[in-house]
Structure formats: structure tokens, C-alpha cells
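Residue numbers (this note's numbering), protein chains in the order written: chain A, 1 to 118; chain B, 1 to 319.
Please note that the accuracy of each hint is not assured.
What the hints assert, rightly or not - Residues from chain A that face chain B, not an exhaustive set, calculated with beta carbons under 7 Å:
| id | residue |
| --- | --- |
| 1 | H52 |
| 2 | E59 |
| 3 | N62 |
| 4 | P63 |
| 5 | V67 |
| 6 | R69 |
| 7 | P72 |
| 8 | G76 |
| 9 | I80 |
| 10 | G89 |
Note that these hints are calculated values from the structure, not bench results.
The beta-carbon is built from N, C-alpha and C at its ideal position, and this holds for glycine as well.
Residues per chain, in single letters:
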Amino acid sequence: MLYTNLNHLESAADHQKAISENENVMVICGRMGPMCIPVYGIAEEFEKEYHHVKFYDMEFDNPESHVIRNIPEVRGFMGIPFTIYYKNGKVVKATSSIQTRDQVKSILDKEFAAAVTA
Amino acid sequence: MNQNIHYDAIVIGAGPAGLTAGIYLSRARLKTLVISEGMAGGQMILTHEIANYPGVESISGYQLAAIMKKQAVAFGCDIRTNVSIQDIALTGKLKRIILSDGNTYTGESVILTPGGRPRTLGVKGEDTFKGRGISYCATCDGDFFTGKEIVVVGGGNSALEEALSLTKYVSKVTIVHQFDHFQAFEHAVEEARNNPKIQFIMESLITGFHGDESIRHVDIKNLRSGRISSFKTEGVFIFIGYLPNTEFLKDKIELNQRGEIPVKPDMSTNIEGVYAAGDCTAKRFRQITTAVGDGTVAALAASNYLHALKAKQKQLITV
Chain A
1 MLYTNLNHLE SAADHQKAIS ENENVMVICG RMGPMCIPVY GIAEEFEKEY HHVKFYDMEF
61 DNPESHVIRN IPEVRGFMGI PFTIYYKNGK VVKATSSIQT RDQVKSILDK EFAAAVTA
Chain B
1 MNQNIHYDAI VIGAGPAGLT AGIYLSRARL KTLVISEGMA GGQMILTHEI ANYPGVESIS
61 GYQLAAIMKK QAVAFGCDIR TNVSIQDIAL TGKLKRIILS DGNTYTGESV ILTPGGRPRT
121 LGVKGEDTFK GRGISYCATC DGDFFTGKEI VVVGGGNSAL EEALSLTKYV SKVTIVHQFD
181 HFQAFEHAVE EARNNPKIQF IMESLITGFH GDESIRHVDI KNLRSGRISS FKTEGVFIFI
241 GYLPNTEFLK DKIELNQRGE IPVKPDMSTN IEGVYAAGDC TAKRFRQITT AVGDGTVAAL
301 AASNYLHALK AKQKQLITV
């Protein structure tokens, strides 16, 4: 179980529903470890600002996370979390390992450009 | 509209030193703000299991940070996370900080607890291959390297202990270290030397990372001969110590050559009313317990300073 305040995806069906019903989606697939926790924290903060983006997490060790672990965009990834950005159900960006606040912000602004209501 | 908001004390950093300072200051009925560029907890949240914090048998860094934050908030401390400092002025009676939210925060006392961060090699390809073969956490990423040959960079306790833990997964570990001896405790060095999966390349540095989707080889420079050779590997774990997060304090306060803040026994700095605590200070041992101790001393000293200042102001008004 991931102890975060993000919405959790617990199955492939949850994942499919999230990316098909929302235009802009960020999914962080990780564990409760040193490289993942900061990224959950950054997403929790951005959730308050980026109302046009839906933020989720998914347990890396949940077998259902094959929907993330097996996509071509993560080939060569050898560091958790795997963070995937979807627009209209399609992967537009994927990152591996810890990211800074500025790195996440830059991706959100580039891929999901929209007026931000702070 | 941007606001000017006043506090008695402002704590910069929300790791164990900063949160402890927040607890003590707020409990002393001083209006206190703790600000942090990241989440509350600092590097403590990166620790999977803490087993040497007295009074707590075992707890994750994330949980301990959450408890410390809750305690500070319960005493009335304001905590603002994921904000950055745009400008800071520490001299004079009233310290002034402008945050990324556009507001200006003032306080009679400031406690600096910005902590530190893992040092990176800063060589070509390091950013490109982060998460694609380069890792800074053996516990997190070790299993991606099962059966592979990897490199560990560093010669301190972390490097040797993590190298040993990685032998559970990998077929071979090559430790690359810049000196001809290790800084780690002798027992860790001995254990590494006795492990048949571990070999050593001493007096050498990694100068480049190469690959495609993931790392394939690294450049290793021998510091004696200057010769650079290509070394095949599928993973590199980097454990080369920490850097203090004090860049924003350059020319604002006294820093030593390593960028650390020199402090007196009461954690005061060279500027009146400004204190420092935790990993950003010049000291030998950096533990959660030492950061908590530093934060306590800094908060008590700042508290004395603030109460004396208030008494002086009251006296002047009475006269």
C-alpha cells in the first residue's frame, strides 16, 4: 500500500478508466522508498494547482502495474518510480527515478499546457 | 496581491533540525514559520528504516517526518512546503525573505536548516542515464540489476555498505574510488575485500557515461597515469557524500570552503539573530539525532534572543 494522499490505481481496469476519462493524467508507479516519496510529495502539491491534470499513484509491486511496467516508453528504465504522463489516453512523456519539482513542473507545463489557477 | 507577513522567527528548512526548531519555538509561544523547498522531512524521508532513533525501535523516515510535522503544527507552527526563496536579507534587526508566492516574510530571528543533498559526479551523461542505469539508491533499484555487472562509485561507509547489499542481486561489483584508501569503517572495508563478487579500481574517477536506452560503458580515468579507459557495465550506483544546500546564502552569511555554515556552541552564526542547525553546519557527524539536538539548541538560543529583544523594546516604550 502506498501511504500518499494521491488517488490510488489498484488495477489495470482502474488505470484504463483514469486515462480514458481524463484528458491529462500523471501516474507515478513506485514504492514507499527514497526515490519515490519526493515525487509523490511534488504531485500532491501540484494537485492543488493543476486542476486540469489528474494525479495518481500505483504500487510498482502490484502485478496489475504491468500496464505501466510493460509499455514501450519505459524500455531501458532501471530506476523507480516510473512516472507516466498521458494526454487523451496516449503516453506523451515517461521518466525514470527521482525528479525535482522543476523537472515535473516543466513536463506538466509543456505537455498539459493550460492556464494555471493558483 | 502580495502581502507582508511578520513572524517572530522564520526557520528555513523542514528536515529534523528545522521541524525540531519549529516545535520548540512554537511551544515557547513565538509566532513561527517553517519554510521548505521540498516536502517536510528533508533527507530523513529518504531513509527506509530508522532503527537508531532513541525511544523508537523502528520507524520509516517518512513516518517520523510526518510525526514531527504534526507536533510542530499542533503547537501552532506555520509550515509552508514546496516554496522557493527569491531573495533573503539577514543583516539588521528585521530579517526579510521573499518567497516564490510573491509574499515578503519578516522576522527578528532566522534559523537556517536547509540540510544537504547527495553529491553527484557532474560528468557528461549523468543526467541522461539517471534511472537508465545510474542510481543513487541500492534498496530502490537493486533488483533491476539482477545478474548484471555493475560499478559503485565512492569510498565511504555508504558506498561500501551499499556495494555489499547489491551483491545480493548482481553478479559482480566494481568499486571505483578516487583515493588509494577508503574512508569507510575498517569492518566495512574488510567485509567488502572478503566478498568474492567485489573488485576495486582505486585512484580513479568516472569521466563519462555512454549507452543507448541504458548504460553500456563508462570512461574511467586513472589519476596516477592520466590514462582513460572504457569499462563495460550495465549499472552505476553513486555514493560520494553530501553537499550543503547553502548556495542561496553565498555572500549573505559566513560560509566555509565546503559551503557549510560555521556556528558557535549555541548555534549562532556571524550575524546577530541568525542561527543554523543540522547538516548545513560545519561538523563531523550528520545523523537525525544530531540534527534534532542542533535544532533544539538553535531554537532555545533564538528564543532567548527574541525574549531579550522584546524585553528591551518594552523597556524603551516604558521609558
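When the nearest CB of chain B is found for H52(A), is that gap smaller than 7 Å?
19 Å, violated
Is the interface hint for G89(A) satisfied, with its Cβ closer than 7 Å to some Cβ of chain B?
For G89(A), the interface hint is violated, since the closest Cβ of chain B sits about 24 Å away, which is over 7 Å.
At a threshold of 7 Å, is the proposed contact between P63(A) and chain B supported by beta-carbon distances?
15 Å, violated
Restraint satisfaction for G76(A) [CB to CB of chain B, less than 7 Å]
3 Å, holds
Quick one, is the R69(A) hint okay against chain B at 7 Å, beta carbons?
Nearest chain B Cβ about 11 Å off; hint violated.
Restraint check, 7 Å cut-off on beta carbons, for N62(A) near chain B
At 15 Å from the nearest chain B Cβ, N62(A) fails the 7 Å test, so the hint is violated.
Using Cβ atoms only, decide whether P72(A) comes closer than 7 Å to chain B, and label the hint accordingly.
Check failed: Cβ of P72(A) comes no nearer than 10 Å to chain B, outside 7 Å.
Closer than 7 Å between Cβ atoms is the bar; does V67(A) clear it against chain B? Give me holds or violated.
With a minimum Cβ separation of about 19 Å from chain B (threshold 7 Å), the hint on V67(A) is violated.
For the hint on I80(A), just tell me whether its beta-carbon gets within less than 7 Å of chain B.
Hint on I80(A): holds, closest Cβ of chain B at ~6 Å, below 7 Å.
Status of the E59(A) interface restraint (C-beta, 7 Å, chain B):
14 Å, violated
In summary, the numbered hints that this structure violates are 1, 2, 3, 4, 5, 6, 7, 10.
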